[in-house]
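Undergrad: Here's the letter readout for the chains.
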Amino acid sequence: MSGSYRAPRLTLAVGDRDHSQGAPDAPLVLVEYGDYQCPYCGAAYPQVKRVQKELGTSLRFIFRNFPITNAHPQAEWAAETAEAAAAQGRFWEVHDFLFENQRFLGNPSYFSAYESKIKLDARKITEEIERHSFLPRIKEDFESGVRSGVNGTPTFFINGTRYDGAPEAAPIVAALKRAGKGSRESGER
Amino acid sequence: MAKSAEGKSTILKAGAKAPHFTLHTTPDQSVSLKDFVGRPVVLAFYPADWSPVCSDQMGLYAQLMPEFKKFEAEILGVSVDGIWSHLAFSKDRKLNFPLLADFEPKGAVSRLYGVYEDRTGESARALFVIDKKGVIRWSYLSPDGVNPGADGILSALEGLD
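Protein sequences appear in the order of chains G and Y. First residue of the first sequence: 779, per this note's numbering; consecutive thereafter. First residue of the second sequence: 264, per this note's numbering; consecutive thereafter.
These are computed hints drawn from the structure, not numbers from a lab. Certain hints may be false.
Mimicking DSS-like on lysine-lysine, the simulated pairs with C-alpha atoms at most 27 Å apart in a straight line are [stated by the list, open to error]: (1) Y:276 x Y:297; (2) Y:354 x G:917; (3) Y:396 x Y:276; (4) Y:333 x G:917; (5) Y:357 x G:917; (6) Y:369 x Y:332; (7) Y:332 x G:917; (8) Y:333 x Y:276; (9) Y:332 x Y:280.
Every value quoted in this text rests on a predicted model; they were computed, and no experiment measured them.
Sequences are here, hints too, so could you generate the full structure?
TA: Here you go:
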């Protein structure tokens, strides 16, 4: 194949089903497909925080699950934990806690203790994980990623187009700013 | 080997007959394309075992095996690494499909498919979907450094008869 390369685009549009931070009408949208047990996602986690801090209200950030379970045996459990917390309205706190405590994955009581500490119903979360209540949603995330050209974790999309640069704050911010400029010039959002 | 006017190899395109090959996958086992007549084959050329990312291209395909099986497709990874590297890599990444060693003569099969990179001495990241009659139905050469994922493969498999 030759000619101009076009990066893949998101096949599942950002919507109400997603976990998002920032204003729904923010001009810049960053989507991450991630795996809570992936060390590269763990390394990208503080980078995303820096991106959010730098771009403030102009950025909306969305996290979708992409657990690579054959390499990461705790990844699905971790994703189910975050989704069960989401059902109690507290996705992001548990999402952050999982990434900040990757080394404790495989020790469920460590996470249950945190859930209780922040006044979540930890028993309900455990039951929902055992019943795999949120597995269909996680699989839906995963399949949407596969169809959108996610090829490993973390994979980011900027305003719907796959970002193939380094998973670090500075190049992500630069790519977001370029995308913002591009969309203003072409008159789309 | 397919070559363009500039002497650069060019990837075989849809419609071409898939060149025959036999390559080792373990010290005492080899795999031939003709072993899979009657089933679609996904050939995934990649530069090297042990690329420094987790859940890389091959790991993703292992995870997607149930999807490929829906089409009764076989997936074969090909690089110029030797069998011992392949065996260790496969075990480490828990891969559930064969890795083929395009090792001796080095890169010969990659050259046949037009996806050998003389500059690096490795295969390019390139994908082929071959139908059950042995005809290439889709091919894709990934740009440098870009892991192609699986979306194109699945779309191509869906398009087969």
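Undergrad: Give a verdict on every hint.
TA: A quick look at each hint next to the structure:
1. Y:276 x Y:297: With Cα atoms ~19 Å apart, residue 276 of chain Y and residue 297 of chain Y stay inside 27 Å; holds.
2. Y:354 x G:917: Holds: residue 354 of chain Y and residue 917 of chain G sit about 25 Å apart, inside 27 Å.
3. Y:396 x Y:276: holds (16 Å)
4. Y:333 x G:917: holds (16 Å)
5. Y:357 x G:917: Holds. Residue 357 of chain Y to residue 917 of chain G sits at ~20 Å (cutoff 27 Å).
6. Y:369 x Y:332: Answer violated: residue 369 of chain Y to residue 332 of chain Y is near 31 Å, above 27 Å.
7. Y:332 x G:917: It holds: about 17 Å lies between the C-alpha atoms, which stays within 27 Å.
8. Y:333 x Y:276: Holds, at roughly 25 Å.
9. Y:332 x Y:280: holds (23 Å)
Of the hints listed earlier, the one the structure fails to meet is number 6.
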